[in-house]
Every structure is written in C-alpha cells, then in structure tokens.
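Chemist: Going down the list, the sequences are from chains A and B.
Okay, so the first sequence: first residue is 37 according to my numbering, each after it adds one.
Okay, so the second sequence: first residue is 37 according to my numbering, each after it adds one.
Treat the hints as calculated values from the structure; they're not laboratory data.
Incorrect hints may appear among the rest.
[Stated by the list, open to error] No more than 35 Å apart at the CA atoms, straight line, and that leaves these computed lysine-lysine pairs for DSBU-like: (1) B:329 x B:157; (2) B:346 x B:61; (3) B:429 x A:42; (4) A:429 x B:346; (5) A:473 x B:107.
[Claimed, not checked] Label-pair distances were calculated between CB atoms; the ranges are: (6) A:290 x B:206: 50 to 58 Å; (7) B:267 x A:284: 32 to 40 Å; (8) B:421 x A:206: 55 to 63 Å.
[As the list claims (entries may be wrong)] Per the computed footprint, the stretches of chain A lying under chain B, defined by three or more beta-carbons under 8 Å from a beta-carbon of chain B, are: (9) 81-92; (10) 212-226; (11) 255-264; (12) 318-331.
Just so you know, even glycine gets a beta-carbon here, dropped at the ideal spot from N, CA and C.
Listed here are the chains, written in short residue letters.
Protein chains: 2
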Amino acid sequence: MDFTGKIAEFIRATRFEDLPEDVIKHAQRSLVDWLGVSLGASHDPSVDMLLRVCNTLGGNPQATVIGRGSKVSLAHAALINGHMSHVLDFDDTHLDTMIHPSATIWPAALAVGEEYRLSGKAMLTAFITGYEVETRIGRSVYPDHYDAGWHITGTVGTFGSAVAVAKLLRLDRERLVQALGIAGNQAAGLREMFGTMCKPFNAGRAARDGLMAALLARAGFTGSGQILEAPKGFCNLASPKADLGKILEGLGREFEIRTNAIKPYACGVVTHPTIDGIIALRNTHGLSGHEVKAIQVQVHPLVLELTGRKEPTTGLEGKFSIYHCAAVALIDGEALPTQFTDGRVCTEDVRVARSRVTVHPDPNLAKDEAVVTVMLYNGDRLTSHIQHARGSKEHPLTDDELEKKFSAQAAGILTHERQQRLLELIWDLETEPDVGKLAILVACSPYGSF
Amino acid sequence: MDFTGKIAEFIRATRFEDLPEDVIKHAQRSLVDWLGVSLGASHDPSVDMLLRVCNTLGGNPQATVIGRGSKVSLAHAALINGHMSHVLDFDDTHLDTMIHPSATIWPAALAVGEEYRLSGKAMLTAFITGYEVETRIGRSVYPDHYDAGWHITGTVGTFGSAVAVAKLLRLDRERLVQALGIAGNQAAGLREMFGTMCKPFNAGRAARDGLMAALLARAGFTGSGQILEAPKGFCNLASPKADLGKILEGLGREFEIRTNAIKPYACGVVTHPTIDGIIALRNTHGLSGHEVKAIQVQVHPLVLELTGRKEPTTGLEGKFSIYHCAAVALIDGEALPTQFTDGRVCTEDVRVARSRVTVHPDPNLAKDEAVVTVMLYNGDRLTSHIQHARGSKEHPLTDDELEKKFSAQAAGILTHERQQRLLELIWDLETEPDVGKLAILVACSPYGSF
C-alpha cells in the first residue's frame, strides 16, 4: 500500500471549507495555548543560549522570536520558538501517543505564515493537516517506539512541521511525497534527554527540520518516495511492531485533534491525575500539608518510568518527579511554572512532603487516571479517584480557563491590552488575511503595529 | 563505566605533538581526497538546491562553499560542504564500520578553522580526534545498527563533527560531555535514502548538527551526561547488541585512521573488488566487451543488499548497482564520475553488459574481496580473485595516485596552479598558522589571495 502517496493526497485535498467547526476551534485553542506557554518561557536561559548560537550564525530577518524584539531566519525561528514552546513542559499533548504536536507544528507554520503573509485560514488548515498526519504516524509506531527510548515529539514531530509548511507552500503531490521522505530521514531525539535542555530542543529541531524538508522539496531535492511503507523506512525502523494501517485510519473523517489535551499543570502530563486528586482532597478537606503523614498514589506504570525521580535537584527535574508534583499539589494547591523553579524544588517543606509520597504502579489504570490516598496524623484516610485528568478530552479546560492560563504566562511579557488583542485575533483567525499581525503582537519590543 | 567522560578526557588530552607521523599523514591524505571529491561535486544540481534554500534563510558570511564564490554561515557551510563531499560516493571510508568520516568531520572543522583563523596543527589534531571517536562509537554499534537500516554516516557521524569542533573551540571536560550528548541526541539518517539526494545530505546534516552541538555546549546548553552508556542512550538505542567496550579499545594507542580507505572508484565501496577484478581481466586479456558472454561475480552478501539494483535509471542509482559497476568496468575500464551520469546509465552498451552480469553472495568472502569469472563467446573462462580492493589499507593508493584523483576532480573548477598550491599547503599543513588560506584556495571565484 502506498501510504506515503495517500498521505500526500490527503494533504493536497484538505480544504478549510471542509473542516468541521469544532476541529477549527480545537486548532484555535491550541494556538492560544501554544503562544501562552511560549511567551512564558521566552526569557528562559536556554532560549538565550539558543539565540546566542543562532545570532552567531546569522540569517535573514524573516520571522519573529516570540516574546523578543528580534527577527531571525525561518529556520532559526522554527528552532527557537519550537524549543521555547516546550521549555515549561506546559504545552498541549496528544495523549494517545504522548506527542506534543503544537510545539513542532506551530513554530514552523507561524514563521512561514509571517514571512509570506499568509491568511488565518491557510494557517489553521495547515496546522490541522499537520496534526492529523503527525499523530497518525505516531499511532503507527506507538508505544514501542516511545518505550524503546525515542522522544516521539522529536522524531515523529518532524513529519508534522513538514506537512504544515508543505501545505502552506502549496507543494504538488510529488513534492509532498519528497517532503515527507526528507522529513522522516531527519527524525531524531532521545528520551534520555528528558530533564535537560535537549528535551525542548527536540521540539524545536523537529519544527526546523520539517520546515527544511518542505523548503528542500520545493527546491527539487529528493529522498525516498516510500518513507512510511518501505521495509526499512521510518515506521519499520522506528518500531518493530509498526502498524501502518493506523496511518490512514479515519483520515479526513475523524480528527485526532479532538483528543488534544491542554495542560493545567506545568509538568509531565502523566502526573496530572495525581495532582488533580491531591488538589481535590486539599480543597475539600482544607489541608495545608502539616497534617499529612503519607500520600499513596496508584498510577499507570508509565508514570514511574517517565517521572520516577525521587529527589529532583532542579526545577526541570521536578517536572519529571511524580513525588515533587504530589508535594507541591499538597502544599501549594498548584503545579504552575513557579512550582518548578530550581529554588522551589530545594525548599525544606517540599522536600519533606516528597519523602512522604509512595507510588504504586497499576497496569489496570489508564494513563490519565489515578487513585490518591492521603493519610493524616489523626488517623483519617482520604481517597480520591480521578478517572480522567483535567485537560483531557473528557474533562477539557473551558475557554475561560484557557485564557486565564494564557494571561498568566503572558503577564510580564505582553501588556494586558496586547494579550486581549492577541486573543481576539486568534478567536477570529479565519477572517484574518495576514498572520504577520499575530507575529507583531507576540514580539516583546514592538517594531510595528496595525 | 563512564564512557562519555572517558571520551571527553581523551578529546582534552589529545595533542598534536603526541600523534604518530603516519597518523598525521593519513589525515593529510584524507583532506586531499575530501577536497577533491567535494570540488568534483561542487556544481551538482543538488548542491544548487541546498544553496538556494540556505540563501533563502541567509546567514553571516563566515565560511566558504567549496568550489563556489560565496561564503555562508558556519552551519550552512558544514551542511552544504558535507553534502557536497558525499554526492559522488567517492569519499573515503572506514571499512570496518562503513562510516565516511571525512564527509562529516572536515566540513565542520574547516568552517570553524576558517572563521576563527586556526592553525593547520589544530585542524589536523581536531580531525584525528573526531575520526578516532566517531569510528569507535561506530564500532560499538556496527553491524546491527547499519543492518537495521540506519545510515551510520548520518547517525554516528554527528559525534565526529561535534568532537572536532569542540576540540577546535577548546571546550572543557564538562562542556565536552554536553557536546557529545547534544550530538548523539540529534543522530539521524536512514539507508532507505540510498540512491537519492538525502544520502549525501545525511553527511552534511551530521556535519552541521555536530557543529551545532559544540556551539550549543559552549553556550552552556545541556543534554544527558551519559549519552554513550545510559541504558537508553545512543548506543543501546542504536543497536540491541551494542558493545560499549569497543568505544575505548586502544584509544590513544591504536588509530582507526590507519585503516582509512580512499576510493579509486566513484561508487559504493563494496563494489570495488568486483571492479578491480574486471579491470584486471580486461587489461590482462585486452577485452573490449563485445567478446564477453557472461560475467559471474562472487561477493560478500552485503554487496547485493547495498548495491543490488539490476536496472538503474539514474547515475545515482548506478552507483548502487553492482551490475552497472561491473558493466562500466568491462566497457570503460574505469568507474569514475563520468561512468555514473544519468546518460551513461542509459546507454545501450552498458545496458546489454549489465544484463550479462550475475552476482552470487558468499558469506565466506570479506567485504573487500571478490571472485570474478568472465566467460567469452569463444568458450574461454577467465577468473580473477581480488583479496583486498584497491584503496584498502592492504592495497592503498599511492600519494601520486591520490594527487591524480584530486586533480581529475578539481579540473574545470580550479586552475592547475591553484591545485598545486592547495596540495603544497596540505602536505605542509602543520606549518600553516591560518587555514583560512586553504578556504580561499577552494573558492571558485577568488575573493582574496595570499
């Protein structure tokens, strides 16, 4: 079966007019969320480092670095903004594959949209097309690919950005096939990097390399024409159990973006049901932390594998510590970026609280499910069973909650008025002829206005 | 065992003064060869395409594009020159791992050497250090990594360029460990791309990404500190049978570069003993092709796997067709770039000759061994047994043959006088204080002289 060709045809055929209204809404929500978490991380030291290296190399001033005053080349914008969007581990997730599609697609798409002054409709269509292809390729290799140690956002994400940019550049069928091949050939990223700057870098790298794949394909560059189905193509190399049928399953009829999960907490998504459970008990019973003797958590086994760090020493490590997440949920009733600073991770109260947490893997639980039991010194046992974490498709954030998350991240970077204009522009994106306006609004030092 | 740390210490400790004379000579020979094959491919259409995309993105004019008049950013120079050096499939090979180290290391090292005006000694030391680390990491994952379908020059090559650039930038131990981690995290490339523009692109990508890893590490960027030995680090993910002991085997005492094979023919290295055998019979018996009824070739099984294309339709495919290689060896007595053009692949005489070739895999033969039997219409059977191909360490090209290969590639790009000055500069590289001079000499339109 010519999976690569079929995907190329799907990319060609997708039209804004045919997209269901709720699917477009999901894309708008992911754009709000992506810009918010990117703004929130726009002054992270790792972003400074990336910018310094990119400035050493230089480039045409084509696309805006989010939350900054400078423009860089398309490739550097995709790299830096992609990195930025994943720094806080606060960006949205396709839960069935653990892919973070926005972090790989929006940075490349927005850069190209800004440079070529494309319409909001074109952007939304390109993003949705990239999302559907990326997550389906992800489905075909998940979970083995991820379990083996590949950072699926870095590997499969390269396809998503290539698809979105290729769609924006209106490549023909043959060039689309080539763009997919060139993209898959560059897929990279290891889970070994979790808890280091290379984790968000992998999202940026995927955004940049997918963009490069589309630009190269447009220029006539060639790769394999069968990247998805070849015996030693991407899918079979990515997973010995690759199920290629999943690539086309429901394509154009069902939309993976409907399952897009927006994070209420700035840490590994598998810790979220535990945080929900503890916050629920905290609020219901007015706990402050001192009265708690022990916390027992039952979760899907992947949770310990991904976030099993008992004693994190940096904020970044705290994001991958179910113990730290449980501790701040109890003490602060929150798991926002302020709970994952290097300082907060080392304070005495959370260290003590972490030591009281025990985690029990239970394969019968879903990834977004947790049973939390809190034991008090007075002998009480309080239990909360979270079936689906907040932010999941069963329990989505409301638009209002999403806007609040956005504003909390954008505060200190953009004025309140500018935040409002951005939100208005995004909620009305399909009428916008030039997304360059959006880029102007996310630049910190305004160098233009409309 | 802290393999990554030990490698970082080796990189730090390596000094030009301690390198054996013959090892330095091997590095000089590889530089001559690398520049020659790069010049020969410097006007390939795929190079134009890459340049077009890189020019769209722009960058500071830091490093020379070989055989061209322009300077581009360090990253683009590494990418384009790395690609260029592998376009003709004519660059040198570490036969034990099938890695093409020069194509991944020299482009990054020369770009940095040019920009920072580094000495010939620094360049040679950096190249040799990168070569030794790259090929040893290759040894630890070969052959399973390659057999699975990974393009080992693209994956492992990323380490080599990172090491060379990190050495040139004089990174400290901790930053070296980070550079290795950031490099390994970016490792990519599929053998599925063989016969397409993405094959040479993988060499360029490795050169660029290793360079980026070193620049990022210098800027303070972090990755895993255990990229080589972590349970889900590069080596274990690259091969389920990874043998990490090979990474440190003989390090600093034995030199892999002593086995560096310089290609006499512009095609897949595994076809070379076959070509040798046919050319030997052709010359000994004065064959012209018309008298030949059939050619039987016995070779290592990898040969058919890598170069089993029966009916190539492009020059690029011809390089991966043992049938085409055998045909041109018989008819032309050569296997140079002119034998691998789109036109030559389609001419009637080679098509007929290809159809007379049969190939028999024999696991008892080495990769650089072949038994060739030519059957003539007059009933004669002529046989040649090649134990080691020309260019291998047992049968190396002489300096004179290497210079002839260089000049054949550089002809039409550089004047004869300039070729001579380049060769003199390289043979005397250890006395050169500024390798920028070398870069000036490989620019097609001179924009400076000394």
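Chemist: Hint by hint, say whether it matches the structure.
Modeler: Going down the list of hints, with the structure as the test:
1. The suggested pairing of residue 329 of chain B with residue 157 of chain B is violated, with an alpha-carbon distance near 54 Å, which exceeds 35 Å.
2. The suggested pairing of residue 346 of chain B with residue 61 of chain B is violated, with an alpha-carbon distance near 39 Å, which exceeds 35 Å.
3. The straight-line distance between the Cα atoms of residue 429 of chain B and residue 42 of chain A is roughly 48 Å, outside the 35 Å bound, and the hint therefore fails.
4. For the given pair, residue 429 of chain A sits about 52 Å from residue 346 of chain B by alpha-carbon distance, which is inconsistent with the 35 Å threshold.
5. With a CA separation close to 34 Å, the supplied pair residue 473 of chain A and residue 107 of chain B stays within the 35 Å bound.
6. Taken as a hint, the range 50 to 58 Å holds for the pair residue 290 of chain A and residue 206 of chain B, whose Cβ atoms sit roughly 55 Å apart.
7. Distance hint check: the CB atoms of residue 267 of chain B and residue 284 of chain A are about 35 Å apart, consistent with the given range 32 to 40 Å.
8. At about 57 Å, the beta-carbon gap between residue 421 of chain B and residue 206 of chain A stays in the expected band of 55 to 63 Å.
9. Only residues whose beta carbon comes within less than 8 Å of a beta carbon in chain B count, and the region 81-92 of chain A has 7; three or more means the coverage holds.
10. Closer than 8 Å: that is the beta-carbon criterion, and the region 212-226 of chain A has 9 residues meeting it against chain B, so the requirement of 3 holds.
11. Counting residues of the region 255-264 of chain A whose C-beta lies closer than 8 Å to any C-beta of chain B gives 8; at least three are required, and the coverage claim holds.
12. Counting residues of the region 318-331 of chain A whose CB falls under 8 Å from any CB of chain B gives 0; the rule of at least 3 is not met.
This entry does not satisfy hints 1, 2, 3, 4 and 12, going by the numbered hints stated previously.
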